[in-house]
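Under the numbering used here, read the sequence shown as residues 1349 to 1617, first letter to last.
Don't read these hints as lab results, they were simulated from the structure. Yeah, the Cβ is synthetic: ideal placement off N, Cα and C, and Gly gets one too. Please note that the accuracy of each hint is not assured.
Unchecked claim - Derived lysine to aspartate or glutamate pairs resembling DMTMM-like cross-links, with alpha carbons at most 20 Å apart:
1. K1441 with D1400
2. K1541 with D1430
3. K1441 with E1520
4. K1441 with D1430
5. K1441 with E1539
6. K1541 with D1450
7. K1441 with D1366
Said to hold, decoys possible - Just the calculated beta-carbon pair ranges, DEER-fashion:
8. S1377 with S1531: 17 to 23 Å
9. I1373 with K1541: 35 to 41 Å
10. T1456 with A1414: 30 to 36 Å
11. L1425 with A1354: 52 to 58 Å
12. L1526 with F1423: 22 to 28 Å
13. A1461 with L1526: 23 to 29 Å
14. G1465 with W1389: 32 to 38 Å
15. P1418 with S1475: 17 to 23 Å
16. L1372 with V1498: 17 to 23 Å
17. M1585 with S1407: 50 to 56 Å
18. F1581 with P1390: 53 to 59 Å
19. L1578 with K1405: 44 to 50 Å
20. P1390 with V1537: 48 to 54 Å
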Amino acid sequence: TWAALAGLMVIAVLNFWDLPGAILIGVLSVSLVLWYGRNDWPTKFVEVPAIDDTWMKFSVSTLQPATAVPAVITFLLVSLFDCSGCLIGLSRKAGIIGHVDDPVPGGTWALVACSLGTVISACTGNSPIIIAVECTAGIVEGGRTGLTAVTAAMLFFLSLFFAPFFGAIPIEASAPVLVLIGSMMMQDVGEIKWSDSRIALPAFLTISLMPLSHSISNGIWFGLPATVILHLFTHPMLGRIFGKRQVPEDESENRLLSVADEDDESRFP
1349 TWAALAGLMV IAVLNFWDLP GAILIGVLSV SLVLWYGRND WPTKFVEVPA IDDTWMKFSV
1409 STLQPATAVP AVITFLLVSL FDCSGCLIGL SRKAGIIGHV DDPVPGGTWA LVACSLGTVI
1469 SACTGNSPII IAVECTAGIV EGGRTGLTAV TAAMLFFLSL FFAPFFGAIP IEASAPVLVL
1529 IGSMMMQDVG EIKWSDSRIA LPAFLTISLM PLSHSISNGI WFGLPATVIL HLFTHPMLGR
1589 IFGKRQVPED ESENRLLSVA DEDDESRFP
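Kindly produce the complete structure, drawing on both the sequences and the hints.
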């Protein structure tokens, strides 16, 4: 734990001074310290990956509709939530969009690429293709174009042959990177309208349950139904039934501004 906190401070300081490779320096520094302290140095660095167990093992002969259909729907929703959520968050971090409601340039083709890649990947016996939140590391280093993604893809391919070395990196050395990325992505929380419980509660559930459940899709699974339920039972039609008028958003904001102006005038006549 202390090593992870120390690594987080190192990466944060180097990142503040815009030092190129700050994340890589922090990870390697913590790894070297832990390897030396535990006397547990990597013994193998390069290995040809074994793909015989999964390569082109796709088969539909054992699929049953009762189990296949729910599995397909689950993977569809999980992949959609993961890809769309990361796409918007990463675009916001890179400055490609100014607000979360703005359309992402080329976002449609990004989702199409993920879907086609997932189909091809499944046929070849590999995991789904998604937009990973770890891409923020490349954005932090200054990446803004598709060349960044191509470079990352090539490095991922080369990392297959260095799997023993990367597997030997302690979790205390890699965890600070995700913590730093999470802190950077929290800047969008300020745009949430916390005064509106219909928006604030689903947002809070989504944000809090993502780290607690170790899954982006789980957070969205809780936040999305909460949004639907709250908006359904706070519809203006129900207000008429119960004899209560729902204040429009613009009128509510103007009322808050007028109250703030009155307070200022009373304090500073």
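Exercise. Can the suggested window of 30 to 36 Å be confirmed for the beta-carbon pair T1456 and A1414?
Worked result: 33 Å, holds
Exercise. Taking 48 to 54 Å as the hint, is the beta-carbon distance of P1390 and V1537 inside that range?
Worked result: 39 Å, violated
For this session: Measure nothing beyond the straight line between the CA atoms of K1441 and E1539; if it is 20 Å or shorter, mark the hint as holding.
Result: Judged against 20 Å, a Cα distance of about 14 Å means the pair holds.
Exercise. Do the beta carbons of I1373 and K1541 sit within 35 to 41 Å of each other?
Worked result: 39 Å, holds
Exercise. Is it true that the CA of K1541 sits at most 20 Å from the CA of D1450?
Worked result: This hinted pair holds, its Cα atoms lying about 17 Å apart.
Problem set entry | K1541 paired with D1430 [C-alpha distance capped at 20 Å] | 23 Å, violated
For this session: Note whether the CB distance of M1585 and S1407 lies within 50 to 56 Å or breaks it.
Result: 52 Å, holds
Exercise. Taking the CB of P1418 and the CB of S1475, does the distance hold inside 17 to 23 Å?
Worked result: 19 Å, holds
Exercise. Holds or violated: are the alpha carbons of K1441 and E1520 at most 20 Å from each other?
Worked result: 25 Å, violated
For this session: Take a look at whether the Cβ-Cβ distance between A1461 and L1526 falls inside 23 to 29 Å.
Result: With Cβ atoms ~24 Å apart, the hint holds.
Exercise. Do S1377 and S1531 keep their Cβ atoms within the hinted range of 17 to 23 Å?
Worked result: Given a distance of about 20 Å, which is inside 17 to 23 Å, the answer is holds.
Exercise. Can the suggested window of 44 to 50 Å be confirmed for the beta-carbon pair L1578 and K1405?
Worked result: 45 Å, holds
Hint compliance for this structure: hints 1, 2, 3, 11 and 20 are broken, all remaining hints hold.
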